[in-house]
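Using the hints provided, position chain C relative to the given structure of chain V.
One-letter residues, chain by chain:
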Amino acid sequence: MKKEQPLTCFYVGSHIVVSKICTSRDDSRKLMIFGLIVGTAVTLLQLQPVVVLQIDYTEVALDRVLAGNILGVAKN
Amino acid sequence: MSGSGGKRLLLIGSPNVGKSVIFNALTGAYAAVSNYPGTTVELATGTCQIEGQNYEVIDTPGVYSLLPVTEEERVTRRILFTRKSTLVLHVLDAKNIRRMLPLSFELLDGGFPVILVLNMMDEAWRQGLTFDMKKLAAELDVPVIALSAIKQQGMDQLKRLIGSYHVKQSKLMLFSIEAEEALANIARILPEHSVLSRRLIAYLLLQQDKEILGVYSFSKQLKSVWSVVQNQREYLQGKMGSTFSQQLMTQRQQHADQLIHKVLSISKVRHSQRIARGLGRMTRQPLTGIPILCLVLYFGLYQLVGHFGAGFLVDYLDEAVFQRYLIPLAQEILRIVNVTPLIQSLFIGEYGFFTLGVRYAVVIVLPIVSSFFFVFAILEDCGYLPRLALLTDGLFRRMGLNGRAVIPMMLGLGCGTMAVMATRTLESKRERLLATFLLALTIPCSAQLGIVLAVLSHHAGFLSLWCAYLFGIFIVSGYVSDKVLPGKRRPFFMELPPFRCPHLSNVVMKAYTRMIWYFSEILPVFLLISFLLWLSDFMGILPRLITAFIPIMHLLGLPPEAAKAFLMGFIRRDYGAAGMYDLYLNGQLNDCELFVACVTFTLFMPCLAQFMVMLKERGILATMAIVSIIIVISFGSGGFIHWLLL
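Quick note, the sequences are listed as chains V and C, same order. 1 is the number of the first residue of the first sequence in my numbering; add one for each residue after it. 77 is the number of the first residue of the second sequence in my numbering; add one for each residue after it.
Here chain V stands alone, though its shape is the one from the complex (with noise of 0.2 Å):
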């Protein structure tokens, strides 16, 4: 079975599939309008200072606390 960790422990270029959401309501919102729900495939683009990923086309920035409390698995 694979690893869930958080988006900050997986390695730059690695193909996520996100398995669950810790985040506040409100944060789960904000999440959400960029497509970011459980289930959802994310490339991870950069670790510091903040989180990118790439969400189908578009790349997307996170704060780096926000993007620790997203859990995924690595992608086939």
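Worth double-checking, as some hints may not be accurate.
[What the hints assert, rightly or not] Distance condition first, Cα-Cα at most 25 Å in a straight line; then the derived BS3-like pairs of lysine-lysine: (1) C:K286 / V:K30; (2) V:K75 / C:K344; (3) V:K30 / V:K75; (4) C:K315 / C:K286; (5) C:K160 / C:K286; (6) V:K30 / C:K344; (7) C:K564 / V:K30; (8) V:K20 / V:K75; (9) V:K75 / C:K338; (10) C:K160 / C:K211; (11) C:K247 / C:K235; (12) C:K505 / C:K564; (13) V:K2 / V:K20; (14) C:K692 / C:K505; (15) C:K211 / C:K286; (16) C:K338 / C:K210; (17) C:K315 / V:K20; (18) C:K235 / C:K210.
Because the hints were derived from the structure by calculation, they are not lab data. Quantities reported herein were computed from a predicted structural model and do not represent experimental measurements.
For chain C alone, kept in the frame of chain V given last:
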């Protein structure tokens, strides 16, 4: 419908999808267009005629959903919910349709007459995306159109579609059975609303959006509503668990995913735009992004605004045009008209309309501000600003803000008044207050910045000290304000638009529009100040006022003549800055005095226009508190530096 009895068209959509481009194409007016989210913070209104019918067209700030997060989203929601529209054009970025469709579902839930506009089709095509438009229209039961607004492709078809639109019931996206049940139970007890469907109001209430009850003008019937909402929330919690409200949004997204699966086919990328993507990557990564930022500041601000704008352009206009041709021409005209010496001094005297008001506005301030607006327009258009926000998040984090604050701060380097309005893109009241304070205290407007760069450029040490002192005050005042103000910082999140080559026409148009706005704002004020100075000089009040200011100048170690520039600065910072430039040109300030004057003046009170916008946006109490702190810090700093240099 609209005030004129015509029809009303509302442009709605996520930020940075091209609403303003469509607005401009429809109306022939100009609303600012940029390559970053949050350009439109206020409504823009225009008119157009389609198939003989008049339409009022309204461009709105971007919204991601009808549950607003930022102030600008509230502005859009307010207009959508309170003014009945003939048509709502929901503009989507075609390549990001997946995450934008949930807003379409919300609009259809609300019972709005919607046309779906898939914009940026050229970019979607380059990414290898092909849409089955007929199928999409049939699935949603709304008209759908493909567009590439920036290339003016599809605009005629859009107009035809608007002209032939007939209101009909669209298909609704249904939630799970238990959620539908709860929605129906709430909707049943709600009064009818003239604009919104009860279903959407019920949905927003389930999401704990209490503000939505404000759409009703009466409150008697509504007292019982909230208890029913609570009952239904408890019911859903029992059925779906405590995360039911997220689950409802997830259901919408899943519905969008299913729909896209039916209408979208993806082939190989047709055009990779490798250079733009590479530049986009380099500007967002710290290792390459920080040196690029230094280059942008050096060439954009120091060379273009400081040297070219405040140095070359100002000198050229002043010496080669104004002093050589225009002043003698004005003198000649007044000689021919044969006016009295008093009237002559009103026009070309020391405080004359022409020699002071027009000269300061046209010759000193405008070239500097214009060069800044030109640089800023390039940065906006290529998509650099969101990447700058990302890079500076760590810095703003220490001041209770996040990287988003860099956009109003950068705009503040052009004009503080515009920047205070742009703080609306920040999420919380606390962030908006913090940003307004920092803008008023530490961010010089381009007129000030250009003049400071010009007068201190011959002394690299003082210029570096000025930068360091201001940066220090920026950090310390931000840090202390964060500790003093109750509340917490909001986490940073931002969409990064694709890096694009700036469109020259767009850059010129945007810089020109801002320049015109700025000029029409400053010229009457500058003329008025000249007149007041002339009048008070004539009545003998000005010398007394200057005398009253001399002890403060003495405290700062400045000559009595500097009092006039500070007096002017109370009314407009840029006017005062221009006055300071004159003192420098006349050799009335030595290097140390110049440095003290530059620091004090940069930290000094915001200009009258910025002050008025602060009153409007932040209220009288906050504004007065900010102004008091600023006066103490600016004169305190001036006195402190003078004491150090003694």
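Here is how each hint holds up against the structure:
1. C:K286 / V:K30: With a Cα-Cα distance of about 19 Å, the restraint between K286 (chain C) and K30 (chain V) holds, given a limit of 25 Å.
2. V:K75 / C:K344: Distance ~21 Å between K75 (chain V) and K344 (chain C) Cα, so the pair holds.
3. V:K30 / V:K75: This hinted pair holds, its Cα atoms lying about 24 Å apart.
4. C:K315 / C:K286: Since the Cα atoms of K315 (chain C) and K286 (chain C) sit roughly 23 Å apart, the hinted pair holds (cutoff 25 Å).
5. C:K160 / C:K286: 21 Å, holds
6. V:K30 / C:K344: With a Cα-Cα distance of about 31 Å, the restraint between K30 (chain V) and K344 (chain C) is violated, given a limit of 25 Å.
7. C:K564 / V:K30: At roughly 17 Å apart (the allowed maximum being 25 Å), K30 (chain V) and K564 (chain C) satisfy the hint.
8. V:K20 / V:K75: The hint holds at about 14 Å.
9. V:K75 / C:K338: 24 Å, holds
10. C:K160 / C:K211: 29 Å, violated
11. C:K247 / C:K235: 24 Å, holds
12. C:K505 / C:K564: 11 Å, holds
13. V:K2 / V:K20: 14 Å, holds
14. C:K692 / C:K505: 14 Å, holds
15. C:K211 / C:K286: Since the Cα atoms of K211 (chain C) and K286 (chain C) sit roughly 37 Å apart, the hinted pair is violated (cutoff 25 Å).
16. C:K338 / C:K210: 11 Å, holds
17. C:K315 / V:K20: Satisfied, since the Cα-Cα distance of roughly 20 Å is no more than 25 Å.
18. C:K235 / C:K210: The given pair, whose Cα atoms are some 18 Å apart, holds under the 25 Å limit.
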